[in-house]
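Given the sequences, and given the hints that come with them, work out the whole structure.
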Amino acid sequence: MKRISLTAVMFLSLWSVMTVSATTNTNTLIYGETKRPDTLDPYTSNEPSSLRLSQLMFNGLVAINERQEIEPDLASSWTVSKNQKIFTFQLRKNVTWHPYKNRREAFSAKDVIYTVKLLQHPKTVSARKDQFANIFKVEQIDDYQVRFTLKNPAINPIAIFNFKVLPYHVLKNRPYLNKKNQFANHPIGTGPYIFKRSNTNRQITLIANDTYYKGKPHIAKIILKPFSDNNIMNQALSFNNLDMIVSVSPRHLSELQADARFTLKAYNTLSYSFFAYNQNNVNLRKKAVRKAISHAINREEMLKAFFNNQGTIISGPFAPGSWAYNLDVLPDNYDPQKSIALLKSLGYKKTTNGFIDSTGKLLAFRLRVPIEKNNEAAKRVILAYKNFLKDIGIRVNIDFMEREKWKRAIFKDHIFDITYAQWSFDDSSDISTLFHSQYNMAWGNNFISYSNPQVDRLIKQSLSSTDHQEKRTINHRLHKIIADEVPYTFLWSLTQYAAYSKRLSNVRIHPYQFFDNVHLWKKN
Amino acid sequence: MNRINKPLPFKRKHFILRRWIDRLIVLYCLVVLGSVLTAFTITQFNIIELDYEAMDFQSILTPPLTNGHILGTDYLGRDLFNRLLLGTHAYLLPGLMAVSISILFGALLGSLTLFANKRLRKVITLSTELMQTTPRLVILLLIIAIFEANIYYVMLVIGITNIPTVANLISHRIDILRNKRFIEASIANATPIHILIFKHILWYNCRTILISQAALGMAEAVLMETSLSYLGFGVQEPTPSWGNMVQAGSNYLLQGNLWSSSIPALAIMSVLLAFYLLAEVVVKQLNKRHSL
Amino acid sequence: MILRTETIRPISKALFNAFFSSVLIIFFLSFLVFSLVYISPGETLLQDYLLSLQDNTDTDINDADLEDIAQANLPQAYMSWLSASINGNLGVSISNGLPVLDQVLELTLNTLYLIISALLIGLLSSFPLVALSVTNTMPLLTRLINTTIKLLSFLPLFWLAYLLIYISTSGFDYYPLAMNYDNMNFSQFILPVILLSFGSGVLVDIYQQLNSEIKRVLNEDYILCARAKGASIFKHVFKEGIAFPLLNLISNRIAYLFGATIIVEQIFNWPGIGRLLWQATQDRDIPLLLGAVIVTAIVIRTAHFSAQLIYVLINPRASHEQDK
Amino acid sequence: MTTPLLTVKDLCVRFRQENNSFIPALNHISFQVNNNEVLGIIGESGSGKSITLLSLLGLLQANPGVIKGSITIDTQQNRIDTLEHLDQYVSISHYEKPNESIEKDCTAWNKLQRKRYKDILGKHIAMIFQNSRLAFNPYYSIGKQISESILLHKPGSNKKMAKDLAIRWLKRVKMQAPDIRYNNNPYGLSGGMCQRAMIAMALASEPDLLIADEPTTGLDATIQNDILSLLEEIKNQEKLSMIIVSHDFTIMHRLANRILVYYKGFVVEEGSKNDILAIHSRQHHPYTALLLNAESENMVEKEIETTKTESQKNQLFFSACPYTSRCGFRTVRIQDKCHNHLPPLIQVSDTQKIRCWAFEK
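So the protein lines, in turn, are chains A, B, C and D.
All residue numbers for the first sequence refer to the numbering used here, where the first residue is 1 and numbers rise by one.
All residue numbers for the second sequence refer to the numbering used here, where the first residue is 1 and numbers rise by one.
All residue numbers for the third sequence refer to the numbering used here, where the first residue is 1 and numbers rise by one.
All residue numbers for the fourth sequence refer to the numbering used here, where the first residue is 1 and numbers rise by one.
Because the hints were derived from the structure by calculation, they are not lab data.
Because the structure is a prediction, the values reported are computed rather than measured.
One or more of the hints may lead you astray.
In silico lysine-lysine, DSS-like type, Cα no more than 27 Å apart, as pairs [what the hints assert, rightly or not]: (1) C/K239 <-> D/K111; (2) C/K239 <-> D/K154; (3) A/K137 <-> A/K172; (4) A/K216 <-> A/K265; (5) D/K239 <-> D/K171; (6) C/K150 <-> B/K284; (7) C/K13 <-> D/K144; (8) C/K235 <-> D/K160; (9) C/K215 <-> D/K118.
Below, the structure written as structure tokens:
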């Protein structure tokens with residue numbers, strides 16, 4: 001017995017002696033994501049982590065810079081026809097694809113044409129097929145010139161031509177793209193980093209592309225590490241296991257702010273959060289009810305208590321940074337008395353249990369939200385929302401659902417009263433799919449079944465208008481109308497933060513293309 | 001021969017100590033389980049109105065005994081004491097459901113082996129092994145993925161997966177009784193079969209098994225809900241359960257905020273301990289009776 | 001161990017029985033799980049699943065095929081799944097399009113490292129405790145340790161994990177994570193393994209089992225006899241008092257440990273099957289989930305079977321017990 | 001005259017009960033075993049026969065166990081008192097009074113005992129156990145267990161030698177096909193064969209003193225006879241000293257030189273074989289007389305045992321003759337003494353001692 005316990009002690013001490021400190025490679029950038037990326041190509045997945053990753057490996061024809069201006073990318077120059085329908089792009093000649101079967105093919109026009117074809121194929125599964133819907137045809141003029149013909153004129157060509165170009169020589173065997181395609185897990189692009197390997201747990205290693213046309217990146221290796229637990233990721237950052245966190249959870253902001261080893265950098269993703277009201281509900285169809293709800297919640301206090309004031313409260317359907325946002329419209333203020341008055345004026349009676357309608361039924365709504373383990377901020381907002389409504393006498397029953405089920409219930413079947421969600425925009429500020437009655441269908445974005453002829457008309461006008469100024473005024477009117485109609489209770493646009501170690505320098509984070517300038521980043 | 005040679009470790013004072021420890025254990029079980037029941041009844045019948053949702057934005061994550069919060073507040077400024085009391089709802093009825101399923105069907109299945117059906121015995125053994133083959137948490141995840149995250153589904157699964165264990169124990173007990181010629185004697189005495197099963201076998205001979213299994217089943221229900229809460233599939237907010245309270249609180253643990261998670265965690269520990277001790281005491285009583 | 005013909009036959013019979021029941025259980029489990037998917041609400045689950053079994057590179061699925069799949073009844077659907085999976089095709093994951101089997105196998109191996117080290121540590125640290133308790137030196141200390149490790153196992157595992165990390169980071173400024181998946185080193189094992197062996201009740205289990213079994217065996221007549229002839233007690237206690245309960249423990253506990261790793265792997269970012277299971281549940285990635293369930297079941301069953309194998313080999317009575 | 005091989009003097013053993021009272025398991029046991037002598041111990045079950053053996057072997061782990069006395073083992077090589085310094089570990093108050101209380105540092109004492117007996121067990125003293133099938137480790141073959149004790153006690157032996165020797169011993173105890181039986185597990189042997197193997201194992205280490213605890217219990221009559229013949233033969237050939245414990249006079253008749261009769265932890269009668277086994281002699285303790293009569297009338301052992309529970313309740317243990325409640329000898333003359341005083345062992349002849357007031361001169 002004695003001998004055994006002795007060996008046990010020896011073994012244990014051996015075990016602890018063999019602790020080797022983790023070594024981080026000097027010229028490697030390791031960044032953490034909370035959701036592991038599904039697929040690695042730019043199209044088959046809609047996860048932010050996948051999209052961010054594809055920015056490291058792919059380029060579009062054009063790009064948008066921080067000031068929301070169009071910049072040439074794979075196309076060095078372009079011409080636009082007068083009716084804004086025909087675009088001719090001159091492509092760069094010095095671009096090569098990442099090695100495929102040990103060969104580097106040159107980038108040419110046929111890649112662009114094949115990408116469009118691939119994405120327009122009915123069997124291709126992608127969330128970004130909308131982007132290609134407006135393209136009528138693509139022609140190859142010569143090896144380095146392509147001509148696009150659009151169905152409708154476009155004001156903001158970026159929305160269409162910033163798509164990531166895929167290699168023809170890799171994908172030519174199949175006419176469509178889905179997750180089962182090998183390409184989805186072994187991407188070949190033209191971007192600053194080359195896909196090296198991905199292990200089964202989706203830790204992804206990328207190495208610098210020596211022949212990147214903008215110049216060889218400074219950082220030799222980029223590693224993505226997926227985490228399942230936000231708190232742990234934050235710990236990993238503060239113990240030097242990570243160099244960067246792409247999106248910092250609000251509850252860690254103050255901690256990281258106080259830490260001199262890290263830089264916190266804000267970036268705006270052109271997105272906002274809101275509560276949406278199903279117009280099929282008898283009560284919620286009444287504008288005054290929605291208005292009353294909007295007045296009942298104290299957004300300032302929530303923003304302060306839950307997000308350290310890191311965001312802007314918004315009043316309308318456009319992202320606050322965009323040109324379409326109407327600064328003249330003010331958000332609904334916190335005024336529970338007004339809410340109660342509004343509800344009373346509609347004939348609801350206040351009882352001890354809350355408001356009842358004319359038939360004596362309690363005013364109660366079902367709020368359906370997805371379960372997101374790591375998004376506790378959302379949970380706070382929802383619970384606070386419930387409490388605010390309870391204070392004025394409206395009952396809210398929260399129904400947490402699994403994400404996939406929730407999507408089904410909201411977007412397909414429209415079975416809900418209220419839901420909490422977030423929209424993210426590209427620069428086009430196109431809200432047509434959100435509020436136009438035409439999109440009121442299964443899997444349509446107008447899942448609240450909102451229909452207002454005036455809004456429909458304005459959206460149509462805005463889309464067909466070619467003049468930027470005119471478009472702007474139309475959108476400002478649209479903003480005002482929708483703000484007044486309250487189909488959503490618009491909450492805020494949260495500022496997102498990335499945190500990174502001070503060992504990284506020259507970091508410029510692009511507002512909505514996170515890794516756009518990554519080839520310039522340095523690590524000491 | 002070796003029976004007489006058992007070393008008894010205790011000196012005289014240890015004898016007294018041991019007796020006191022036994023008494024303390026029973027007292028502990030009674031106090032803990034009694035207070036859980038009290039909390040349940042108070043909140044169930046609204047004897048005291050407790051608001052588990054009211055948020056106090058001025059005091060978020062405060063330690064106990066500040067601003068009139070006995071046990072402090074959580075990350076939304078909600079009163080932890082109220083939530084702790086109301087958290088009993090998440091376990092008591094669902095847990096009882098799980099336990100009654102496993103006990104009822106387990107006892108039934110187990111007592112069916114009385115009729116010496118070899119195939120039934122084999123089925124019970126195989127299903128016990130089947131339950132040992134898949135981790136319970138994995139089954140729960142599967143059910144959640146296929147159906148939905150609902151505490152009653154979870155408890156149903158726990159109940160069903162415990163059936164073979166109970167059946168196995170009962171059938172073993174029946175085997176022992178059979179070896180003692182107890183069953184043959186009863187049949188020879190013309191005891192009606194239902195009286196034999198329910199009174200003589202299940203009540204007189206298996207009640208300790210059933211009670212201890214019920215206690216362990218309750219403990220497991222609490223444990224599973226806690227684990228699922230961390231994974232995000234337990235009882236959902238705003239309804240409080242001790243599991244989701246620990247989960248919510250532990251988000252702030254690494255920043256040094258120990259209170260809001262350790263209070264429900266300790267509550268879970270003490271209740272689990274009570275259940276296990278209860279099961280142990282019952283089993284001990286059983287052993288004592290059989291040694292005499 | 002000398003195996004002679006007359007002993008080989010009952011042993012092989014016992015092993016065959018064990019093997020047969022293992023296979024039976026795996027099949028039954030797969031059928032059970034499959035039928036759960038079949039009766040699940042929402043029509044797409046099964047369809048997605050069966051579609052994922054189709055070979056992905058060459059054949060295109062037309063609508064008629066889809067129709068067929070939607071119409072398939074349970075036995076048909078199960079048979080098609082079975083024939084595919086016996087050929088090593090568990091389909092492809094819905095979320096990332098990679099073959100299920102490859103992902104699951106590698107991750108299961110990672111989890112096994114964790115589980116085996118946890119069992120080992122649990123074993124090693126329980127030996128001194130058992131020795132203390134059996135030899136009856138310091139009974140009060142033993143009781144105290146016993147109570148402490150028992151209480152530890154009643155705390156929520158994830159809370160304990162956070163506490164452990166908190167203590168190790170704020171107290172020792174030490175924070176190992178499973179960061180370098182490519183070259184795992186020992187430091188990454190420490191916290192998860194300690195947690196898994198102390199927190200999930202492995203240690204308590206081993207301790208209690210060994211303790212009561214050794215004490216029981218020490219009261220057997222043959223131990224007295226061994227004492228009387230001056231032989232080493234350890235050798236005589238070993239088989240019945242230590243080896244058998246340990247084998248029994250491993251078969252009983254390994255499934256539970258797999259469950260516990262779901263939580264531990266989340267927290268320590270361990271690239272194992274537990275994390276995959278959670279991820280798959282979140283994504284409702286049914287092919288992945290089913291593959292993971294089946295593969296874990298097979299691994300656990302294999303562990304059971306090998307425990308049984310060792311038991312039969314070292315216990316000459318085992319084959320006779322089977323006959324009774 | 002050589003010194004006796006084993007001398008036991010005034011051995012007292014107590015067991016603690018849950019209610020903290022003490023059972024006097026052995027009281028003032030004294031005897032000695034000379035070289036080449038067979039001592040028989042006879043008595044009903046629970047009278048303390050097995051406990052005597054366990055204390056001799058130092059295997060009594062019960063609390064407090066041995067509290068008094070001395071056991072001296074004297075072989076050619078060395079002489080050792082295994083209960084030396086016992087008084088340093090035990091504190092007794094109210095000795096042999098109803099409120100007797102004993103504290104003993106069992107842990108330290110057992111440790112010391114283990115050390116002392118390390119070279120004695122197996123080497124000088126070997127034991128044949130009552131139920132040999134349970135006494136063999138069921139997970140090893142009997143051959144292995146025999147060669148184990150050879151390896152332990154024969155310096156310089158290796159495995160091969162031990163195996164050969166074990167097979168020889170198996171042959172010696174008249175086991176058929178010993179080389180096959182060598183690999184057999186205990187459960188695969190019949191009771192008689194197990195007993196033979198047990199004897200072989202005990203003899204294999206070539207002890208000076210062989211202790212046999214009910215060597216024939218639980219065996220068929222014919223096999224009993226065979227085993228007895230075997231023991232007789234061994235006794236004659238090997239020149240062993242033996243202690244044989246049994247409740248059966250036949251064994252005593254065939255093997256023993258001297259006999260002790262136990263009753264409730266007391267030696268009630270001691271004498272040579274001829275003294276004790278003389279049925280018609282009047283010089284007997286009433287208990288011995290009862291046993292002898294029972295034997296001759298083929299009374300079942302159980303009937304003797306029935307009074308066991310009754311006798312344990314006797315609280316005034318040391319202030320009366322333990323046998324008073326059952327005694328048929330009580331006469332008016334001694335009745336008072338029987339009830340109030342514990343009788344000493346009274347020498348009635350050169351070889352015989354009886355613990356009864358009736359023989360007081």
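Verification of the hints:
The straight-line distance between the Cα atoms of C/K239 and D/K111 is roughly 25 Å, inside the 27 Å bound, and the hint therefore holds. A hinted pair counts as satisfied when its Cα atoms are at most 27 Å apart, and C/K239 with D/K154 qualifies at roughly 26 Å. Taking the CA atoms of A/K137 and A/K172, the gap is about 19 Å. The hint holds against a cut of 27 Å. With a CA separation close to 25 Å, the supplied pair A/K216 and A/K265 stays within the 27 Å bound.
A C-alpha spacing of about 19 Å is found between D/K239 and D/K171, which places the hinted pair at or below 27 Å, so the restraint holds. Only pairs whose Cα atoms come within 27 Å are accepted, and C/K150 paired with B/K284 is accepted, the gap being roughly 18 Å. Pair hint C/K13 plus D/K144 holds up; C-alpha atoms about 26 Å apart against a cutoff of 27 Å. Pair hint C/K235 plus D/K160 holds up; C-alpha atoms about 20 Å apart against a cutoff of 27 Å.
Between C/K215 and D/K118, the direct Cα distance comes to roughly 22 Å. Compliance with the 27 Å bound is thereby established for this hinted pair.
Hint check: no violations occur; every hint is consistent with the structure.
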